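Kindly generate the complete structure, drawing on both the sequences and the hints.
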Amino acid sequence: MPMSVSSVFPQLEQLLPRVSKPIQYVGGELGAVVKDWDATTVRWALMYPDAYEVGLPNQGVQILYEVLNEQEDVLAERTYAVWPDLEALMKENGVPQFTVDAHRPVKAFDVFGISFATELGYTNMLSALELAGIPLNSADRGLDDPIVLAGGHASFNPEPIADFIDAAVLGDGEEAVLEITGIIREWKEEGSPGGRDELLLRLARTESIYVPRFYDVDYLPDGRIQRVVPNRPDVPFRVAKRTTMDLDAWPYPKKPLVPLAETVHERYAVEIFRGCTRGCRFCQAGMITRPVRERSITTVGQMIKEGLEYSGFSEVGLLSLSSADHSEIGDMCSGLAEQYEGTNVSLSLPSTRVDAFNIDLAQELSKNGRRTGLTFAPEGGSERIRKVINKMVTKEDLIRTVVTAYTNGWRQVKLYFMCGLPTETDEDVLEIAQMAHEVIRAGREAAGTKDIRCTVSIGGFVPKPHTPFQWAAMERPEVIDARLKMLKQEINSDRGLGRAIGYRYHDGEPSLIEGLLSRGDRRVGAVIRRVWEKGGRFDGWSEHFSYARWVESCAEVLPQFGVDLDWFTTREREQAEVLPWDHLDSGLDKDWLWQDWQDSLTEYEQPDCRWTPCFDCGVCPSMDTEIQIGPTGKKLLPLTPVNSLRVPA
Amino acid sequence: MGATKNQPVGGQAPVVQRVRIRYAKRGPLRFTSHRDFARAFERALRRAAVPIAFSQGFTPHPKISYASAAPTGVGSEAEYLEIGLQAEVDPGQLRLALDAALSPGLDVLDAVVAGPGSLADRIDASSWRLELPAVDPAEAEAAVKAFTALDEVLVERMTKQGRRSFDARQAVTHISVSDQSVVPSEADGTPCAIIDLVVRQVTPAVRPDDVLSGLRVAAGLEPPVPPRVTRLAQGTLTAQGEIVDPLDADRETALPG
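In order, the protein sequences belong to chains S and U. Residues 1 to 649 (this note's numbering) make up the first sequence, in order. Residues 1 to 257 (this note's numbering) make up the second sequence, in order.
Treat the hints as calculated values from the structure; they're not laboratory data. Just so you know, nobody snuck in bad clues.
Taking lysine-lysine and the DSS-like style, the derived pairs with C-alpha atoms no more than 27 Å apart in a straight line are: (1) S/Lys21 to U/Lys160; (2) S/Lys634 to S/Lys255; (3) S/Lys255 to S/Lys635; (4) S/Lys367 to U/Lys63; (5) S/Lys488 to S/Lys387; (6) S/Lys305 to U/Lys63; (7) S/Lys395 to S/Lys450; (8) S/Lys188 to S/Lys107; (9) S/Lys485 to S/Lys387.
Label-pair restraints from in silico Cβ distances: (10) S/Gln302 to U/Val244: 48 to 58 Å; (11) U/His61 to S/Gln412: 22 to 32 Å; (12) S/Gln434 to U/Pro104: 50 to 60 Å.
Since this is a predicted model, take the numbers as computed values, not measurements. Every residue, glycine too, gets a C-beta built ideally from N, C-alpha and C.
As structure tokens, this is what we get:
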């Protein structure tokens with residue numbers, strides 16, 4: 001039996017006066033749970049591999065934290081990436097990676113679960129493993145080490161981190177963490193038979209937990225993958241993603257974590273649905289989270305009521321991949337606006353759909369005075385490129401929508417685009433300028449004032465696994481940068497209009513590295529390790545990210561495999577090529593994905609299967625799931641105002 | 001009061017009651033910065049359903065005013081604030097409700113209906129306890145003696161205006177090594193010197209870490225591990241050197257007879 005685990009806080013406390021924002025390391029949030037270590041059987045350390053201010057609001061971690069802690073014999077605590085100032089002090093003073101809840105060392109837990117919303121957290125995982133005293137390579141770990149488990153969207157291709165993790169879960173985590181807990185509980189109660197290998201085997205046999213060490217990758221002489229096959233008879237050839245059906249049965253977070261430190265989102269966020277079938281071809285989230293599963297209007301209303309009472313937040317976010325698409329979004333917005341009128345609670349809907357309906361909703365939500373910004377995402381500058389990416393919006397739609405916003409009193413709208421899309425030319429990007437000019441011209445006319453603005457925000461396109469663009473070549477960073485520069489000049493070519501247009505963009509270089517990590521295979525693991533050894537940390541932060549370090553590390557470790565950075569990024573793949581993630585099943589039929597890729601090249605638009613017949617993407621039949629949408633016909637009832645202090649009994 | 005221009009129609013409900021609150025920042029939560037506390041307190045008001053009043057204007061703010069807050073990382077048993085309410089509440093119930101709504105470690109100790117006069121006018125000094133682990137009380141004693149023997153001890157600190165030099169001596173009305181200090185013994189080799197300190201509120205503010213700098217300047221005292229500092233009281237400094245809780249005056253007004 002392992003000894004009871006004690007807090008490292010007394011040692012940590014000595015270091016905190018010497019670091020910036022020490023509050024992020026002390027825990028004590030509302031909603032935080034501290035349990036008796038010895039009274040529990042299975043213990044999880046959950047990590048969001050970025051700074052506390054980014055990681056704490058993460059919905060995935062909060063949901064799993066609550067689901068796990070609701071189990072009596074299970075303990076879940078959280079850990080985040082520590083900034084380099086504390087990392088150095090921890091190393092100097094022998095303080096290990098700790099959880100913020102009870103400051104227990106991560107190494108003492110049964111599972112070290114890391115949620116990768118983006119691949120840019122990989123180097124932070126290595127820092128955490130090192131600080132925790134857990135061997136970096138899965139192969140070097142023993143019975144005393146936790147199972148290092150990856151989740152989040154990036155785990156749909158965990159091959160670049162295959163050497164460092166023990167297992168990965170694809171898809172929704174609510175039920176998966178309970179099943180994993182059950183397997184570990186049973187194995188521990190039996191006295192840990194067969195050691196770590198046996199436990200990993202039991203996990204792998206579920207057919208929905210991927211254990212990289214049980215699969216061998218063979219390569220062709222030209223560097224491409226020949227095949228990925230199990231190296232033992234009792235694990236499946238393909239590992240399937242998990243899908244939580246009936247979101248009303250999983251109304252989390254019920255008790256959201258409310259931090260003392262300032263974080264990027266200070267709001268009660270409720271997912272109003274999961275999945276999206278709009279079919280934007282660049283969007284990995286939309287592809288891997290199918291089918292659409294709505295949470296009902298009444299559950300959403302109840303969650304918000306209880307979530308606000310519990311947390312004291314004054315802001316509510318209605319989250320999903322395309323919130324205006326909820327079958328009862330109109331009633332939901334007007335019902336919530338009525339319920340919270342005059343309460344100083346502000347409601348927001350991340351608005352990306354380009355149509356006037358969105359403005360009606362935003363109007364409704366701003367009833368109690370506060371007007372949140374409007375963001376529209378046409379994504380592509382030209383009609384042609386929008387057909388390529390299946391973003392079905394015409395220029396007329398966009399102008400009309402934005403003009404409606406200005407007419408209704410908005411003075412500022414944000415337009416979101418991507419650069420570097422497949423088949424993109426300079427002209428496609430320059431059309432963004434024309435569009436922005438027209439928006440300002442029409443807006444000034446409609447609003448009757450010169451005092452309106454729009455912000456053009458441009459992100460770099462990164463081809464992602466399990467999307468129709470998984471075969472596409474990335475554009476070179478210098479081409480992206482040149483186009484962005486050209487666009488800027490074009491926007492400012494008319495000074496009168498250009499003055500009213502804000503312009504925000506990212507350089508092409510970080511996108512290229514994200515592309516390497518997104519579509520990389522196991523050989524990329526050596527690059528990640530090298531970058532980390534050279535000091536790479538916090539790659540999602542421009543002040544910490546070093547393109548030169550990544551390029552240099554690629555040049556050092558990839559030649560031994562006969563490949564290079566370009567091979568992983570700017571190279572177009574052929575239909576027959578075995579992709580590193582082919583053995584990981586998102587439910588999408590690879591032939592359908594290929595067809596959709598071909599359709600994009602002929603600019604064929606694919607409508608949404610919620611309102612048109614099924615187009616056979618493969619997800620529902622292969623995952624045994626179905627579209628779950630309303631309307632339920634129910635309405636939100638008025639809330640009874642609280643007139644007395646909430647004094648604890 | 002005359003009508004104010006550019007106000008939203010309707011306006012905010014007026015303040016009908018003011019309540020003064022004493023709270024503590026304890027244990028790990030002493031690392032809460034003042035901004036962090038302010039955000040947490042506003043949320044606690046909502047969680048506890050406190051009928052807080054809001055300022056007028058396009059972005060109404062809850063009516064909260066703070067007395068000088070202890071620095072981040074310093075614990076406190078005596079922080080003060082005042083809130084304006086749009087409905088009367090029982091201060092005892094308010095204390096319970098707010099205390100339950102804040103994280104353990106941010107503890108609401110007292111709540112009193114405000115009488116006449118301002119809170120700030122009743123605060124001109126603080127008393128502090130400085131724990132110096134691994135410092136021999138005898139060594140601390142010598143440093144304190146050297147410090148008190150001087151009329152002026154210049155120390156430096158980074159301020160918003162850049163590095164400044166100022167006197168840390170004059171504001172100190174009392175400094176002594178506590179008899180609760182841990183003297184190293186054979187059984188326990190780790191000593192811990194405890195310094196009791198009373199500092200008047202002056203400009204620029206002299207903080208406990210400035211006095212520690214002063215001890216270094218005056219006697220070369222260099223604690224090997226970061227000292228643990230707690231504010232024990234804030235209020236009016238009497239001629240006898242006692243600090244009077246600023247809420248006492250309100251309690252007296254509130255009591256009949």
